[in-house]
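Chemist: Listed below, chain by chain, are the residues.
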Amino acid sequence: MKRIKILLYLSVFVLFSCQDFLELEPKQSIDTETALTSGENIRLALNRAYVDIRDGYGQQLFHGAELMADQGEINFQGTYIQPREYLSKNLVASSMWPESAWQDMYQGIYICNQVLKNIDVVEQTEKDQIKGEALFLRGLCYFDLARFYAPTYKPGASNNADAVPLVLDNTEEQYPYRATVQEVYNQAQSDLEEAANLLSEGEYFFANKFAAKAILSRLYLTTGEWEKAANAANDVIESELFSLSATPLAAFNHAANTAEDIFTFQQNNDDNLGNESGTGNEGMSAFYASTNVTGRSDFAITEVLFALYEDGDLRGELQTDLTDDSDEGDIKSLYYNGFGNNHGGANFCAKWLNFDKNLTFIRLAEMYLTRAEANLENDSEIGAAPVEDITAIRLRADVDTPETVDLEFVRNERIRELIFEGNRLHDYKRWGWSVEDLAYDSPQLVFPVPQRERDVNTNLSQNENY
Amino acid sequence: MKKITFIIICLLIFNLSNAQVQTITGKVTSSDDGLPLPGVTVVAEGTTIGTVTNADGYYEIQPPAGSRSLKFTFIGKKTQTVDINGRTSINVQLEDEAVGVDEVIVVGFGQQVKSDITGSIAKLDVESLQKVPAPSFESSLQGKTPGVFIEKSSGKLGEGIKIRVRGTSSLSASNQPLYVVDGMIITTEDQGTLTNHPTNPIADLNFDDIESIQILKDASAAAIYGSRGSNGVVIITTKTGRTNQPSRINFSYSRSYSEPTIVTDFLNTEEYVELIGESMENAQWADSGQGEAQILSWGGYESIEEAPNTNWNDHAFRNAVSSSASLSSQGGNESSQYYFGFSYDDQEAILIGNDYERFSGRLNLNHKVSERVDLGAKFNFVKSDLYRVSNDNAFATPMQLIAQAPFFPAFVDGEPYGDTFYYNGLISHKYDRNDTRTYRTFANAFARIKMTKGLTFHSLFGVDNLNQREDQYRSRKTDDGSPAGKSYLRNSNIFNWTFDNYLNYTQNFNEVHKLEIVAGNSLQKSEQFISRTGGKTFPSDEFQTIASAAENDDFYSFATSYSYMSLFSRANYKYAGKYLLAASYRIDGSSKFGADNRYGNFYSGSAGWLISEEAFMLNQEIVSYLKLRASYGLTGNSEIGNFGSRGLYEGSSYAGKPAIRPSQLANPDLSWETTAQTDIGLDFGFFKNRINGEIDFYYKKTSDLLLNRLLPYTTGFASITENVGELENKGVEFSINSNNLTGDLKWNTSLNLATNKNKVLNIVSPMTFGRNRVEEGQPIGVLYMKKYAGVDPENGDALYYLEKGSDETTNNYSQAADMVVGDPNPDWYGGLENFFSYKGIDLKILFQFVYGNDMYNEAGRFMSANGDWVDNQTKDQMNRWQQAGDITDVPQARFGESNGTRPSSRWIYDGSYLRLKNLTLGYNLPTKLISKAGLYKVRIYASGLNIMTWTNFPLYDPEVNSAGTNRTQTSSNIQQGIWYYSTPQAKSYTFGIKITF
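Respectively, the protein sequence lines represent chains Z and H. Just so you know, the first sequence maps onto residues 3 to 468 in my numbering. Just so you know, the second sequence maps onto residues 6 to 1002 in my numbering.
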């Protein structure tokens, strides 16, 4: 009987001695209340904003801008429906890529807003840079959200069509309305301009002052503020912090920023868009690269592309001597014949060879083209004459340089230089160029507001055509 | 043995001193097979004098003078009392107690006889189920129990089996029942990587080790499991030897041959070239008349004559051979009893590359330390290997071979052909490896101490330790492994322990009051640790472990845990042998609940009336048993995320720099879901229970549904978890058994039927996962999309209905309204079994059916898409529209133009089916014959599984439930009735032998 009593007492004792039994702590998370209370943690949170925004661009938006501007340069030989929807300019409200880009961008904006809200806990020495980065990222997001999800900005017009919700403080309205195109551009512009003032010059991993100026030059081109555009591009060029790579191909596929990169989203072997769970089915190289590099051989490059270039232009050079035993290191031109399984005998673009390389975002060559275009529009020679800028670009491509250039030439040069880098559709829209049989302002060239978002937030209107 | 000898000597001495003794001898046999029954207790009624039958069923007893009858008792058999009438030899046949009212049912923290139970509890006839080997024991329950819906996700091996007790009562939390094995709550959650289908940790239990399975269905039975009772509770006990049971050794072996139940035909080369060629011409991919040449040239052919004609189905499936062997023994004496069992299973799936191998060993021991104290321990070790193929969404998986164009060869010179349009999964099959090895240990120790009369103390400490290792190698020759090979390793360890202590008090007062009370406490904690590593760039395919990798490809570790602390009690009261009352109460505290809501209360009350015991029922012969039951109670579902209530920032990184990421919004009020369930049931038996059965009506209302309330992405989050929403399940369950013939030729029929109506009463906003949707007033997971209106006979355009209920159609997909177009929940399901036996021969025929559910072919947009792309097409696509006036529901083929290929009701089908689930013919060799060889019992049998299937579902097998990619708990609750390159079920023929000696 005694033994039994001891056992009973023991069991009661066990029960009452473990009041902490239910107090378990998560092992890979910290509580929200304490997360943003130190400068170190603010920096850590902001780092994550780069990831979200990178992932939004690195597939959904970059592909959107290129495939929706495609006029036969790419022959899609993959299986996914999402790129086919882009290529056929045939999106629906429930299309997946526009939805996930929207989500990624607003996740990034949320972090930026939280960082800006708690910026006062950051030490003075770090404060400007961190605040500047948050503003840079937020401004960049709003600029591109407006470009993709709203009708084209028309300089001088009222631009009062619905764009995207403008969320600057996430503790406010949970179910916002869409702000107008003009309002969103204004916000993007003021964020980027403030960022350009705050950011340091010497930062290469994160955003620096010239990243903000470079993006601003894109924005000014869109809004038709030519002088500002030329000046912003000129500031970047004149900083002399950047220089053109030796060859066109050398500008791409680097683990660290090259001298030509003004801003990239960083990627490495362990953190990138494209190798999630080892499948390599996402991101840029997954679609652009041939099998046996890191891709799926999906985007076969056609004669339409090669017809853009004069003979000998390095930017249109095709390498044909690769075999199934070749590897990434054997690729020596911007275009190459496929190797490995299922390439279907096609040729591929070498701008995106590997998911573990930085995501080229804005580079010096664009600044020359922007300065040239803005100067031509503005009838000025801020920094240099347009023909000099075009000459710089063409010399590197090992192709004849013109005596004079006009707007048409500069625009075509811009396409030849920057094709497949995630901007083409916006350039076409700026110039009023149609895509195949669609006018530049066709509602088919505008993303839908994601159906999921409208299901949840009934205050959101839908774009024409969806 | 000494004790027994002593008792016998005592008895002898006693008998010698009694001058008027009579000796009675006899043999006790089993009525169903005529075999001798050892270990039957024989007692002279009204005395304590008794004996047990020996190994050959013989007994000898000397009842004292004046004894009028002998009582024969044996577990699992009906107790029989036989008048002596001066006889000296009495032979007795004991009948099975299969549906007997005195059957012992294991309930939470105790056991009860069936007639005393006021709740709805299904007990399965395990012995009969075990006559046929099953890959996993749950699958053999299919069609056997009303109100328990069982569905295998596909014909792949080792993957999750969906079990729903009385419908789906949760949207975000798990809907699988709670499994309690030998008193211990075991780990049942899927342990596999999220990129493949769920695994099934329950498959680690060896069916042959199981002695009983009961399923607690209503609140009165399940409320003692409190916050985890809402989905029903499956209580399993494993075998133990019985007191004075002679030791026997059982050996069994079986071999199975399997093939797919149904295989769907696809286009041959000629048809394919015709359709795709036409499609290309229609969409200006080829000039008029050049379409066939164009598609042939895509395949690298100049003419159709040089193109092969491959039936890719032949390469995905195989004739699979499986075998299973087991050896077990059980027995016991007065003080100690044992069971041990070893088994080895080697199963092949009908799908190439998918195998399952399991070794299991178990030892169960009981020992009576003293009159008061019983101790015991159970120990089970399992090792299993699951050889897996990729998920159904990957080209690498064998089922996706059916997407390949028929004009490609599968192999060239023995190597899988590399230039198919889509990646050829045979390359992965040949060069890749994906093995999941599991080590599982179930161990527990328990004590039962009699304290005073009627009061017993129980203590149990149990451990369930699960170690799973997923080891994958992807060759450089494959898409996923290029350019230089990749290898991944994932380990998951769950250590889950339970410590229960409780008191049981049973007392009879004044003969008419019977009271039983159980009260105690329970602690449980589960800790999980997951780690992953990955490497890439291997010297060659001969090096496959990460040690040889040149570069890292993945690194990760993750730890989580949860705990429960609970108090529970139950009281059962029976008055005058016919009025029953029961109540239970449990307090659950859990680390999963929010700080403001840490403890929950759960209770139930129930009553029963044994009408057949009333005086007015005693003088009739028709109704032999009639019991009315009613119960009401509250149970919970706490299968939510371990830290679901906290606002969290999670560790992350940005290209080599550390980062933190907002991962979850806080909700300190977060708690369990509550289900209030009312059950009214009637148990009946007619003609001395030759016909008996049960009927139950239930209504379950679940409130405080845990919902991930969707937030606009503009908030920075996709959702927040809240307790909002309500849904209901109501249904009827009916089962009836009839002993149509008794005697030498026996014929037994049992039928069970159930219906469950599910309705969402209240949610914040509609939820959509793929094609399934949750919205108010509708059952969970209705199919929601555009409604297909066929083909415009004028131009071949696919048409959709503009609005719900309107006849107006449009060829503009975007303009058509989304609407509910189907319901994947079945209206009725059940089974019908007939069992015949004659002398040593027995025959079992089981039909199983599911009726009234809709299915959607998610792959229809690829494989039944009027040649929209290069995927091979189902045969019906040849009926495409070709010229004005054609009446068909297959739109004009237009290559790449998505004419009718976007999700719509075009691919919704009736998923009802009727199956000849099982047919088993067995033969017990005559005792005379085998006893010469020293054998006790030999049974040989042949059995067929899924032999015939009748269905209108056009694709492979209708029993399927695609898990979807990037699945979450919520998506797997809601995604139902989806076919997506799903492996059909296996049709198997098994031949086996069981020997006892």
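Hints may be right or wrong, so weigh each one.
[As the list claims (entries may be wrong)] Here chain Z is said to cover these stretches of chain H; the calculated rule only asks that three of the stretch's residues, wherever they fall, bring their Cβ under 8 Å from a Cβ of chain Z: (1) 140 to 154; (2) 435 to 445; (3) 749 to 763; (4) 835 to 843.
[Unchecked claim] Computed Cβ-Cβ distance ranges for the label pairs, DEER-style: (5) Z/157 x H/600: 54 to 60 Å; (6) H/552 x Z/203: 31 to 37 Å; (7) Z/157 x H/884: 51 to 57 Å; (8) Z/460 x H/552: 43 to 49 Å; (9) Z/316 x H/880: 49 to 55 Å; (10) Z/316 x H/444: 55 to 61 Å; (11) H/418 x Z/334: 31 to 37 Å.
If you are wondering where the hints come from, they were derived from the structure by calculation, not from laboratory data. For every residue, glycine included, the Cβ atom is placed at its ideal position computed from N, Cα and C.
Chemist: All hints, please: hold or fail.
Modeler: Status of each hint after checking the structure:
| no. | hint | verdict |
| --- | --- | --- |
| 1 | 140 to 154 | violated (count 0) |
| 2 | 435 to 445 | violated (count 0) |
| 3 | 749 to 763 | violated (count 0) |
| 4 | 835 to 843 | violated (count 0) |
| 5 | Z/157 x H/600: 54 to 60 Å | holds (55 Å) |
| 6 | H/552 x Z/203: 31 to 37 Å | violated (45 Å) |
| 7 | Z/157 x H/884: 51 to 57 Å | holds (54 Å) |
| 8 | Z/460 x H/552: 43 to 49 Å | violated (56 Å) |
| 9 | Z/316 x H/880: 49 to 55 Å | holds (52 Å) |
| 10 | Z/316 x H/444: 55 to 61 Å | holds (59 Å) |
| 11 | H/418 x Z/334: 31 to 37 Å | holds (33 Å) |
Checked against the numbered hints listed earlier, the structure breaks hints 1, 2, 3, 4, 6, 8; every other hint is satisfied.
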